[in-house]
Amino acid sequence: MEPPKVTGLSPKEGEPGTKVTIRGENLGTSQRDLLSLSICGVECLMYAEWHSPSKIVARCGAVRVPQYGDVIVTTKSGGKGTCTVQFKVLVRCIGLTDESAVWVDESWFGKNRPTSPSQLYPDDPLRLSDESSVERFPVDELQELFPEGSGDILSPNFQPIWYLLEITMVLALMI
1 MEPPKVTGLS PKEGEPGTKV TIRGENLGTS QRDLLSLSIC GVECLMYAEW HSPSKIVARC
61 GAVRVPQYGD VIVTTKSGGK GTCTVQFKVL VRCIGLTDES AVWVDESWFG KNRPTSPSQL
121 YPDDPLRLSD ESSVERFPVD ELQELFPEGS GDILSPNFQP IWYLLEITMV LALMI
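Under the numbering used here, the first residue of the sequence shown is numbered 1, with each subsequent residue one higher.
Each pair of labels, with its calculated beta carbon distance range:
| no. | residue 1 | residue 2 | range |
| --- | --- | --- | --- |
| 1 | Glu2 | Gly95 | 46 to 52 Å |
| 2 | Leu45 | Ala101 | 19 to 25 Å |
| 3 | Gly95 | Pro160 | 39 to 45 Å |
| 4 | Gly95 | Thr7 | 35 to 41 Å |
| 5 | Leu164 | Gly17 | 49 to 55 Å |
| 6 | Ser30 | Val91 | 32 to 38 Å |
| 7 | Gly17 | Val85 | 16 to 22 Å |
| 8 | His51 | Glu15 | 19 to 25 Å |
Cross-link-like lysine to any residue pairs, in silico, SDA-like; alpha carbons within 20 Å at most:
| no. | residue 1 | residue 2 |
| --- | --- | --- |
| 9 | Lys55 | Ser77 |
| 10 | Lys12 | Val57 |
| 11 | Lys5 | Thr84 |
| 12 | Lys5 | Ser30 |
| 13 | Lys80 | Met46 |
| 14 | Lys76 | Ser38 |
Hint data in this document are derived by calculation from the structure and do not stem from the laboratory.
Glycine is no exception: its CB is placed at the ideal position from the N, C-alpha and C atoms.
With the hints as constraints, model all of the structure from the sequences given.
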């Protein structure tokens, strides 16, 4: 059998994920006959649907830069094919106000900034550290100064000065 030959594309340009109808000659005898289908150098066989020896429908893969490229079909029966037309990949830059079907991981936006009270505590909230270099404000002195108080932010008896004395002592030694 002759090698596959891609002679037409519809559409001829699109963003990654665009459904492309590929027309040509000797594009295989079945879905199982397809070995490879690349658009602009990106393997797209996973997204390919074989319809007939002259038609395949596939989705353009994840191309990162805008470019023109060949659509190459490889089959068991005909080997690696050729292409007489090229597909143009358009990569759209999504701004802050543009709609997008992509989930944005917002956990990175507050990086290195506390977003909840639990993150305001030092690294060792249970004071189980085996590092002797980290000194702490003596708890018995804090209890003398604030008999009903606590340095726990979530406690109803929270005393900001207690908390600041604890955290300042730890931070001063870390610097």
